[in-house]
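Peer 1: For reference, the chains in residue letters:
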Amino acid sequence: MKRHVRDILVVLLALIVLFPLWYAFSASLFARGDFTATPARLFPSVVTFSNYQRAFRSSNLGRYLYNSIVSAVLGTGLRLAVCMAAAYSLTTFEFKGRDAIFVILVSTMLFPGDALLIQNYQTIQKAGLTDTYLGLIITGILSPTAIFILRQYFLTVSPEYREAAYLEGCSDIRFMTTLLVPMSQSIIIALCVQSFTQIFNDYLWPLLVTNTEAMRTVQVGITMLGFADTYDYGPQFAAIVVLTVPMIIVFLALRNHINESVSTRFSGR
Amino acid sequence: MKKHFASILILLSVSILFATGTKEENPTVTTITWWHSNSGLLQDATDTMVKQFNDTIGKEEGIKVNAVYQGKASDVLTKAKAIWQGTNYADLPDIIQLDAQAIMDLRDNPRLIPAESLAGENAYDLGQIVESTRLSQTYKGKMIGMPFNSSTILLYYNKTAFEEAGIAQPPKDIDEMIADAPLLLKKDESGNVMRWAFSGVPTTYELCAWLGQQNGLSLICDQNNGHDGIPTKVLFDENGTMETFLAKWKRLYDTGALENATSGVTASFASGRTTMMLASTSQLTTVLDMVGNRFEVGVAYLPRVNDQATGGVNIGGGALYALDNGSGHSKAAWKFIEFAVSKEQQLAWHVATGYFPVNTGTYELDAFKQHIKGQPLFATAIQQMQNSNPKLQGIWVPSSYQIYYAFQSSIMKMLAEGKDIHQATEEMAKEINGYFAAYLATQQ
Chain P
1150 MKRHVRDILV VLLALIVLFP LWYAFSASLF ARGDFTATPA RLFPSVVTFS NYQRAFRSSN
1210 LGRYLYNSIV SAVLGTGLRL AVCMAAAYSL TTFEFKGRDA IFVILVSTML FPGDALLIQN
1270 YQTIQKAGLT DTYLGLIITG ILSPTAIFIL RQYFLTVSPE YREAAYLEGC SDIRFMTTLL
1330 VPMSQSIIIA LCVQSFTQIF NDYLWPLLVT NTEAMRTVQV GITMLGFADT YDYGPQFAAI
1390 VVLTVPMIIV FLALRNHINE SVSTRFSGR
Chain E
2 MKKHFASILI LLSVSILFAT GTKEENPTVT TITWWHSNSG LLQDATDTMV KQFNDTIGKE
62 EGIKVNAVYQ GKASDVLTKA KAIWQGTNYA DLPDIIQLDA QAIMDLRDNP RLIPAESLAG
122 ENAYDLGQIV ESTRLSQTYK GKMIGMPFNS STILLYYNKT AFEEAGIAQP PKDIDEMIAD
182 APLLLKKDES GNVMRWAFSG VPTTYELCAW LGQQNGLSLI CDQNNGHDGI PTKVLFDENG
242 TMETFLAKWK RLYDTGALEN ATSGVTASFA SGRTTMMLAS TSQLTTVLDM VGNRFEVGVA
302 YLPRVNDQAT GGVNIGGGAL YALDNGSGHS KAAWKFIEFA VSKEQQLAWH VATGYFPVNT
362 GTYELDAFKQ HIKGQPLFAT AIQQMQNSNP KLQGIWVPSS YQIYYAFQSS IMKMLAEGKD
422 IHQATEEMAK EINGYFAAYL ATQQ
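Top line first, the protein sequences correspond to chains P and E.
With my numbering, the residue at position 227 of the first sequence is 1376, and numbering never jumps.
With my numbering, the residue at position 13 of the second sequence is 14, and numbering never jumps.
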């Protein structure tokens, strides 16, 4: 009985999560008038792929998608490398002011990112990094949230592993890459997914630091489709479906790890 | 034949000389950057205009315009603000297209080069710009931006539904709306409304016209509606315009055929769920497109508040502003601004977008007269603008979002809770005066 209730709940939750995705897909096939039909439509009146054609024809969607993927992959890789090194030193080494550094880092989590937007922009501008991939990602490389999560996880790894590795003459870098990374695989993958989607979905920052068509990202590109001003949402939905694809691929590829990380975190290991 | 050959040869050599000559004068092409928020159809029209400039005048004068889409109008402003709050102005565009939301950030900005100053330096006659649009950009007596995408409010109605209800003419004033409303209202057997007569809640956009048009011309706040400085108080409570309007509006609500909708009104109109709405003239193309063959769309002047409300409607939309980014290219930027508001370009812009021409010369062009003959709805929109008092202007106020919601929620509350009109007016005035005071305090 209890099991049935749980199953029904899970199915209901899944429907709530899936509905917008499915609606976006359905709407990407809508004909023009379908958006203003009464009662509102859930299915297209006729299946047409013209929205996809229009989305690609009227903008540089391929280039924007490429820019988004490049910045999301680079940004995620660099963020993970920097944050792991930081978390490792904060858990492994004893040095003066270690806890103070950690507290300061964590307290910056209280600042909303938008409050720093303009200051960050001016810094990037002075450094001459507008219209570069580095400019797109550099302000996101140091993530206190990621450092915090990684540090908490590293603390659960028994120090005996490292001592044993030291005795065998293993360096810190080697220990991190060959032992610690595989041991914390699930948490790292969860952070990767979170970071990738966050950079990929960002709108205001990429808009600020890019001026040329060639450097625009896909979230900016979608608003350029502009048909929504005329209640012609089809091409925008088509573009949304297209840019959901990389996310779904990332998720499918890492599904097992994500599940594992969620379940280990919930079981309080 | 020989003679022809010789003259061609001379012509060619002269042109080569001339070409190299200009090259020496302009070793580099001056690039002018224009930030805008024109997407979709507007972006196509923008790109066409820029291409034409670059291929003609731009080529001759060594100017290349680079139009850059920078997101929605609010994003364009955010980005510009990020730059002018810093110290490195070189990234500012030479020309920025913004709407009324940006005016408080722009008008006293040291980076702004007032359009009237540039016009003076370049001996440009501002008399060719439609007076009401010119005044809509005037601050302390000086035109600060060049009106570019100008529009006004317009009544859209479902002509088919009106004919079915036996109504021959669209309403001239709110009294006629009140008379028509019950005829247009449709309910099903259980009493649910299937079709409203009118949908929408009047707020800043509507009230600028409905309060401003009263007694020929009325002000909504002091400092000439904010065009002469930061307003200190509203005037609609003192001059009685708000109460006059609300009394009429309440009677319309009491017919039961007015829907207090704050969003989705255009979609509702296009699907036939409401028979009248107010929207910008620039929406006309979109609305016609959305409605398709469902019914016949009619447009008419904004219904007047009463017989003394003869002021008409005010200008909305956006303008082109020249900015000083230290490049010293303002003369080249002005060349493009002149081009963008030339009578020919304004005709093309009007045909492509529905914004009405800001150059008086456009209205004299045969091509325009031909075009408008086939477009009676656009003709109505333009006539309404021409028949309005050019001095009727929108408000330039700080905290415009808060003021927008103050109007909207007070009017909705008054209708839904049956609040006294006088009390509602006093409350609105008090709330908005509070926003003015708070802003003034930050400026001292």
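Be aware that one or more of the hints could be misleading.
Derived EDC-like pairs: lysine to aspartate or glutamate, alpha-carbon spacing no greater than 16 Å straight-line [claimed, not checked]:
hint, chain 1, residue 1, chain 2, residue 2
1, E, K65, E, D76
2, E, K82, P, D1321
3, P, K1275, E, D367
4, E, K141, E, D109
5, E, K344, E, D325
6, E, K251, E, E190
If you anchor each label on the Cβ, the simulated ranges turn out as follows [stated by the list, open to error]:
hint, chain 1, residue 1, chain 2, residue 2, range
7, P, F1260, E, P111, 22 to 32 Å
8, E, A438, P, R1247, 28 to 38 Å
9, P, S1199, E, A438, 52 to 62 Å
10, P, T1257, E, G241, 49 to 59 Å
11, P, V1255, E, V30, 23 to 33 Å
12, P, T1257, E, S75, 25 to 35 Å
13, P, N1405, E, K82, 54 to 64 Å
14, E, D48, P, T1257, 50 to 60 Å
15, P, T1361, E, E164, 22 to 32 Å
No lab work stands behind these hints, which were simulated from the structure alone.
Ideal Cβ positions, reconstructed from N, Cα and C, are used throughout, including at glycine.
Peer 1: Just pull the numbers of the violated hints for me, sorted ascending.
Peer 2: Of the numbered hints given earlier, those the structure breaks are 1, 2, 3, 5, 6, 8, 11, 13, 14, 15, listed in rising order.
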